[in-house]
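Chain by chain, the residues:
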Amino acid sequence: MAHQETKSVDTEKIKEMLNQRKGTMKRFLSHCAHCSICAESCFLYMAHNKDPQYMPSYKVIHSLGKLYRKRGKVDRKFLMKIKGMVWRNCVLCGRCYCPIGVPIPSMITFTRNICRSQEVYPQLDETSSESWL
Amino acid sequence: MLNFVQGHLISIAFIVFILGLVYQGIQFFKLTKKKEWCVPPSSIEIKREKMTTQQRILEGLRSLNGNLWKTDPALTFITVVFHICLIATPLFLLGHNILLDQSWGVRLFSFPESLSDLLTLIVLICGVYFLGRRLFLARVRAISSVYDYIVLLIALAPFLTGFLAYHQWFDYEIVILLHILSGQLMLITIPFTKLGHMLFFFLYRFLIGSEYSFVRGSRTW
Ligand code: HEM
Ligand code: HEM
Ligand code: SF4
Ligand code: SF4
Numbered sequence: 018m019a020h021q022e023t024k025s026v027d028t029e030k031i032k033e034m035l036n037q038r039k040g041t042m043k044r045f046l047s048h049c050a051h052c053s054i055c056a057e058s059c060f061l062y063m064a065h066n067k068d069p070q071y072m073p074s075y076k077v078i079h080s081l082g083k084l085y086r087k088r089g090k091v092d093r094k095f096l097m098k099i100k101g102m103v104w105r106n107c108v109l110c111g112r113c114y115c116p117i118g119v120p121i122p123s124m125i126t127f128t129r130n131i132c133r134s135q136e137v138y139p140q141l142d143e144t145s146s147e148s149w150l
Numbered sequence: 119m120l121n122f123v124q125g126h127l128i129s130i131a132f133i134v135f136i137l138g139l140v141y142q143g144i145q146f147f148k149l150t151k152k153k154e155w156c157v158p159p160s161s162i163e164i165k166r167e168k169m170t171t172q173q174r175i176l177e178g179l180r181s182l183n184g185n186l187w188k189t190d191p192a193l194t195f196i197t198v199v200f201h202i203c204l205i206a207t208p209l210f211l212l213g214h215n216i217l218l219d220q221s222w223g224v225r226l227f228s229f230p231e232s233l234s235d236l237l238t239l240i241v242l243i244c245g246v247y248f249l250g251r252r253l254f255l256a257r258v259r260a261i262s263s264v265y266d267y268i269v270l271l272i273a274l275a276p277f278l279t280g281f282l283a284y285h286q287w288f289d290y291e292i293v294i295l296l297h298i299l300s301g302q303l304m305l306i307t308i309p310f311t312k313l314g315h316m317l318f319f320f321l322y323r324f325l326i327g328s329e330y331s332f333v334r335g336s337r338t339w
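In the order they appear, the protein sequences are chains A and B. Heads up: the first sequence begins at 18 in our numbering, then just goes up one per residue. Heads up: the second sequence begins at 119 in our numbering, then just goes up one per residue.
Just so you know, not all the hints are guaranteed correct.
[As the list claims (entries may be wrong)] Simulated pairs of lysine-lysine, DSBU-like, Cα-Cα distance not exceeding 30 Å:
| no. | chain 1 | residue 1 | chain 2 | residue 2 |
| --- | --- | --- | --- | --- |
| 1 | A | 39 | A | 90 |
| 2 | A | 39 | B | 151 |
| 3 | A | 30 | B | 152 |
| 4 | B | 151 | A | 30 |
| 5 | A | 30 | B | 148 |
| 6 | A | 43 | B | 151 |
| 7 | A | 83 | B | 152 |
| 8 | A | 39 | A | 24 |
| 9 | A | 30 | A | 83 |
| 10 | A | 67 | B | 188 |
| 11 | A | 83 | A | 32 |
FYI, nobody ran anything at the bench for these hints, they're computed from the structure.
Bound conformation, chain A alone:
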């Protein structure tokens, strides 16, 4: 836990990963109409009193979207912030429905990969205030 929060961030690595899938991921991000229609299709959104934080598009716009906007130049604090978004607030069930067809789960999977490359992932011995369930 402490290890995750203090390790330095390899921004070059993040940048390299981002560039590798730029063609698809940036297109997905840009085609999202930011309409919020996907909200109701996510059971986590419904189970949390329709809290916008659980909206499928919210989870990618504020994680992957920001990673691309910052071109990978992010700090540990940012990674810890999106950690919950991509690891806890989504279970990759693949049920989200977008009328345009933006593939939310593959974007979240990719963001998880980036987090994992910086050793940001839930740990079993984690006893933080935020429960992982």
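Position chain B with the ligands against the provided structure of chain A, taking the given hints into account.
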């Protein structure tokens, strides 16, 4: 300057629009060469029972229950009306068709001017609804940035200025110039912004393999 805007710039806008869409299409096919089953092969072999027309209609109506029509009927209705008017109005507009005829010698069927005017008004009203959603619904605001307002403005500006020009409100010369500029801006930005969903909607929902594919697409990214 004026001649340029009303002449070559129109051609340039159309060329960017069409080549931009072609480029995006080519990129799409390049990026999705891989194919895979999105439904188990066996389920394709099972023949569905023949349905009578009545059953088919009922089935269709029932399927509406599980989709957006059930969760947000107002938005569904408004977005469908918005998009139909958005595309039909400029295509079948007398003013546009006359210009098309003068420059290329082709023209499409035109709606009566009063109908076009009404459809334009409908687009604008739907646009105001989208703007309201973005401003006042927490869930939409949570994912909105300045960019979303700009794109909405880009989409609505040709309709607003076209409406003003038709009614000859304000200085016609200036309004029509703004109309042409905003129309060109919209054409140029379609392939490269979120308005690109005009093309990608069809690619995503018809060709990509997914549970929600309309026709069992099988391409994968
Ligand atoms: C790019 C070149 C364009 C040119 C040269 C052009 C030109 C014109 C002209 C001459 C009129 C007639 C105004 C009048 O009746 O006095 C008009 C009206 C109109 N235009 Fe365009 N236009 C262009 C692009 C667009 C685009 C891209 C859209 C929308 C997507 C659009 C939407 C409209 C509408 C809705 C009206 C009619 C409004 C009404 O009747 O209430 N135009 N345009
Ligand atoms: C041709 C097929 C098209 C399809 C299937 C399509 C589909 C969609 C869908 C599913 C949405 C999200 C739902 C909503 O917010 O209403 C949407 C939003 C939108 N579309 Fe389209 N669209 C198409 C073409 C266009 C074109 C040509 C334009 C304009 C140039 C356009 C402009 C918009 C705008 C501005 C929004 C967002 C409204 C907002 O700000 O919430 N669309 N479209
Ligand atoms: S992912 Fe799809 S449904 Fe969700 S906000 Fe983006 S365009 Fe709308
Ligand atoms: S994949 Fe994630 S975002 Fe999509 S419906 Fe499931 S939990 Fe929600």
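Exercise. Which hint numbers does the structure go against, in order from smallest to largest?
Worked result: The structure conflicts with no hint, since it agrees with every one listed earlier.
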